[in-house]
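J.: Start from the sequences, fold in the hints, and give me the full structure.
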Amino acid sequence: MAFKKLDSAAIDLTLSRPLDAFVSQGMDANGVQAWADRGRGAGMSYGSDARPTLASAGLSCVPLSPWHISPTCTELTLKIRGLASIDGAGGTALNARLVLMALSGVVYDNVSMTPILDDASDQEVEFTFDVTNLAGDVVVPWLVFQSALNTGNQASDDRHANDITANRYKIDLGSTLAATYDDTKRWQMTFSEDSTGTHPSDVYEYQGPVMIVAENGHDEVYVLPRLDRRLEAYQQFRITITEIGRFLLYGWSLTETAFTAPASQANALRPGMAPRARTYSEIYRRQRALAAERTRVVNVGGSPDALADGRRWGASEFYTESTYTDTYLAVGGELPTYRIDTRTATLRTRRRYRALALVAGAVSQRNEAREFTVRLRATLQDIGGGAVATPDVQGAAIDVTPITGAGVGNNELADRLYFIYNFGSGFVTQHLDGTWPYSDVLNGTHGLRLIDATFEEQAASASDTARLMRLQLRPEGIEPAISTGTIEASIRLYYPACTVLIAEGF
Amino acid sequence: MAIQNNTFFRITGSVADETGASQISVADGVNVIGGGSVDEQQILLENSNHVYSTINRRALLDVWSPGVIGDSTTQYLYKEATAPTVTFDIALESPALVGVDRFSVTWVARYQGQIKVDIRRTDTGASLSAYTGGAEIAPITETQTQTWSGVQDVFIRVSMAPVPVSTDAILWGFRALEDQTSI
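Chains as they are written, first to last, in our numbering: chain V, 61 to 566; chain B, 57 to 239.
Keep in mind the hints are simulated off the structure, nothing from the lab. Cβ coordinates follow ideal geometry from the N, Cα and C atoms, glycine included. Mixed in with the good hints, there may be bad ones.
[Claimed, not checked] Each pair of labels, with its calculated beta carbon distance range: (1) V:252 x B:200: 54 to 64 Å; (2) V:148 x B:192: 54 to 64 Å; (3) B:128 x V:227: 33 to 43 Å.
[What the hints assert, rightly or not] Derived DMTMM-like pairs: lysine to aspartate or glutamate, alpha-carbon spacing no greater than 25 Å straight-line: (4) B:172 x B:192; (5) V:245 x V:169; (6) B:172 x B:198; (7) B:172 x V:217; (8) B:172 x V:184; (9) V:245 x V:109; (10) B:172 x B:209; (11) B:172 x V:182; (12) V:230 x V:242; (13) B:172 x V:109; (14) V:230 x V:218; (15) V:230 x V:428; (16) B:172 x V:394; (17) V:230 x V:280; (18) V:230 x V:253; (19) V:245 x B:145.
T.: Laid out in C-alpha cells, this is it:
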C-alpha cells in the first residue's frame with residue numbers, strides 16, 4: 061500500500077465519498093503504513109586498509125553493537141558486506157549466524173548456520189532474527205562464525221618439545237611447514253602422534269585445534285589458545301596446519317524489517333458513520349507512539365581504534381587512572397522539534413541522546429583482577445571545531461571486573477583481548493583480535509558491561525546542524541589507589557562497540 | 057496551513073498529555089465528533105504525513121575517527137599519500153537497506169583530498185547515484201544530497217584520491233542520513 065495522498069487523483073476517485081471519511085481513513089492508513097515501513101536502521105564500515113578479517117578455527121563471535129529493538133518489531137536483519145576466501149573454487153569459507161544476547165545474559169540462538177561461499181567478488185550475506193519476544197528490549201547482537209577447512213592446502217611435519225617457547229604461545233614451524241604457511245591467510249593447527257609412532261612414557265590425549273594468530277618471523281608463529289603443557293611431555297609430535305576460510309569485512313548494517321502493525325480502523329471510519337472520539341484518539345496515540353518510541357539510531361559500531369596498534373575490532377587502552385580517552389564518535393544533531401515542556405505553555409524542544417556503550421576489562425594475571433569504575437563523558441560540538449558543550453550525563457558510570465585467563469590455561473578469552481604482540485616493527489594485530497569464544501558468551505563469562513547513558517543538547521531550539529558527538533571513557537578507582545594519569549599496564553580496557561540513538565522523539 | 061514535517065503536532069488548546077489519551081477527549085469513550093473539528097482533522101492528517109515522512113531516518117553509514125578532533129594526520133579512517141599521478145581508491149563500503157519511499161541521502165564528510173560517493177544497487181553493482189567533489193587542499197566539512205529511485209537494497213561506496221603532488225587524501229568521518237520522504 062502506498063502512502064495515501066490527498067491529491068487530485070485521489071479526489072477524482074472518491075467524488076462520491078464524504079470528505080470526512082476519505083480523510084479519516086487515509087490518515088489512519090498512513091499511520092499503519094508508517095508503522096510497517098519506518099523501522100530503525102544503521103550501518104557501519106571500516107577504512108579499507110583497516111578492515112577486520114573474520115576467521116576462526118573454533119566457534120568465535122563479535123559483538124556488533126547494542127540494539128534497542130523497537131516496540132512491536134518482529135524481525136531484525138543483519139547485512140554484512142565483504143570478500144570471502146578459502147579455496148578459490150567456490151567452496152564454503154565460513155559458516156555464520158546472528159544471535160542476540162539480552163541484558164539478562166540469556167542468549168537467543170536459532171543455531172542454524174548460513175554458509176558463506178568463497179567468491180572472487182564482493183558479496184553481501186543477510187541474516188534475519190525473529191525478535192517478537194524481545195521487542196522493546198536492549199540486546200547485543202553477536203555475529204557467530206566458524207571457518208571451514210581447506211584440506212587442499214595443508215602440510216604436516218614432526219616437531220619437538222623444544223620448538224615450543226614463550227609460555228607455550230609460540231612454536232617453531234620448521235622449514236617444511238613454513239613453506240606452506242602464508243601469513244596473509246588463516247590457519248588451524250592440529251596435533252597427533254609423530255610419524256614414527258613413538259610415545260612418551262606417559263601418554264596423554266593430544267589437545268584440540270588451535271589457531272595460528274600471528275607470525276614472528278624465523279618460521280615461528282603464535283597460537284591461541286596456547287599449547288597444552290602436556291604437549292611438552294612428548295619429545296616428538298606431529299603438527300598439521302590447514303588453511304581455514306576467512307571473510308574480509310567491509311561493513312555491515314542492522315535494520316528492523318518487520319513489525320506487528322496495528323489493525324486498520326477503516327471500518328470505524330466508513331462513510332455515513334460519524335467518527336467517534338475514541339477512534340480519533342487511537343489514531344493520535346499511534347502517531348505519537350511512532351514519533352516518541354520509534355527513534356532514530358544515530359550510530360552503531362563505534363569508532364576505529366584511536367591507537368595505530370593494528371586492532372581491527374574495537375579499541376583497546378591500558379588502564380590510565382582517571383584519564384579520558386576518545387572512544388566513540390558519531391554525528392547527531394539535525395533533530396526536529398519534538399515535545400513541549402508540560403509544566404508550561406511554552407514550546408520547548410528536547411534533543412536527548414542515549415548511548416549504549418560496551419566495555420570490558422582484561423588482565424594478564426589472575427591476581428590482578430581488581431574491580432574499578434568506568435565513566436563516560438559526552439561532548440557535543442560542530443564538525444571541524446566550534447562551540448563545545450559538555451552536557452550532564454545520566455547513567456555515566458559502571459563498575460567493571462576485568463576478565464582473566466592468560467597464564468591460566470583453558471580460558472582463552474583474556475588472551476584474545478589482552479595481547480598485542482610487538483615484534484619491534486610496530487604493533488601487529490592477532491588474527492583473533494577482538495573476538496570472543498562463543499562458549500564464553502553462552503556461559504556468561506564474556507566480561508562485557510553496558511553503559512546506558514543519556515544526555516541532552518543544550519540548545520532549546522531545533523537545529524539543522526550536524527553535531528559531532530564525542531564520547532570519552534575513563535577508568536578510575538582501582539585499589540590500591542594510584543595517582544591520576546598513572547598507567548596500570550596489567551589491565552587493558554576494551555571498547556568493542558557503541559550505539560547512539562535518540563532517546564525519545566524521532 | 058502548510059505541512060510542516062519538522063513538527064509533531066498536538067491538538068491545539070488541549071491539555072498536554074504524554075500518553076496522548078486526552079489529546080482528544082474520550083471521557084465517555086464514545087463521543088461523536090461529527091467528522092471532527094477542522095483543527096483535529098488537520099492535526100491528525102499532518103501528523104500522519106509527518107510520521108511517514110520524517111521519523112526514523114536511517115543513518116545508513118556513520119563512522120568517525122577520534123582523529124576528527126583537530127584533523128589529525130595520524131588518526132583517521134583512511135589515508136592515501138599524495139603522488140604525481142593519483143587515482144580513486146575505495147575508503148569505505150557499507151551495505152544499506154533504505155526505507156520505503158526514501159531514495160535520497162544527505163551525507164556529511166570531513167576530509168581533505170578528493171571524495172567520490174557512489175550509491176550502488178546490491179544485486180548488480182550498478183551505480184544509482186554518484187558524486188565527485190573538488191580537490192580540497194585543506195580539511196573540509198562537505199555536505200551533499202544524492203537521490204535515486206526505486207531501489208532499497210543498496211551499498212554506499214566512498215572513494216578518496218589525493219591531490220596530485222600537494223595533499224594526502226585523508227578521511228576522518230562520514231555519515232549518510234536518509235532524507236525525509238517526499239510525499
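J.: Compare the structure with each hint and give your call.
T.: These are the hints, each one checked on the structure:
1. V:252 x B:200: 54 to 64 Å: holds (59 Å)
2. V:148 x B:192: 54 to 64 Å: violated (40 Å)
3. B:128 x V:227: 33 to 43 Å: Check passed, 37 Å falls within 33 to 43 Å.
4. B:172 x B:192: holds (12 Å)
5. V:245 x V:169: violated (29 Å)
6. B:172 x B:198: holds (12 Å)
7. B:172 x V:217: violated (50 Å)
8. B:172 x V:184: Satisfied, since the Cα-Cα distance of roughly 22 Å is no more than 25 Å.
9. V:245 x V:109: At roughly 16 Å apart (the allowed maximum being 25 Å), residue 109 of chain V and residue 245 of chain V satisfy the hint.
10. B:172 x B:209: Holds - the C-alpha atoms of residue 209 of chain B and residue 172 of chain B are around 20 Å apart, at most 25 Å.
11. B:172 x V:182: Holds, because 19 Å separates the two Cα atoms, which is no more than 25 Å.
12. V:230 x V:242: holds (16 Å)
13. B:172 x V:109: holds (17 Å)
14. V:230 x V:218: holds (16 Å)
15. V:230 x V:428: holds (24 Å)
16. B:172 x V:394: Holds - the C-alpha atoms of residue 394 of chain V and residue 172 of chain B are around 24 Å apart, at most 25 Å.
17. V:230 x V:280: Between residue 230 of chain V and residue 280 of chain V the Cα gap is close to 7 Å, so the pair holds against 25 Å.
18. V:230 x V:253: Roughly 20 Å between the alpha carbons, so the hint for residue 230 of chain V and residue 253 of chain V holds.
19. V:245 x B:145: Roughly 23 Å between the alpha carbons, so the hint for residue 245 of chain V and residue 145 of chain B holds.
The structure does not agree with the numbered hints 2, 5, 7 stated previously, though it agrees with the rest.
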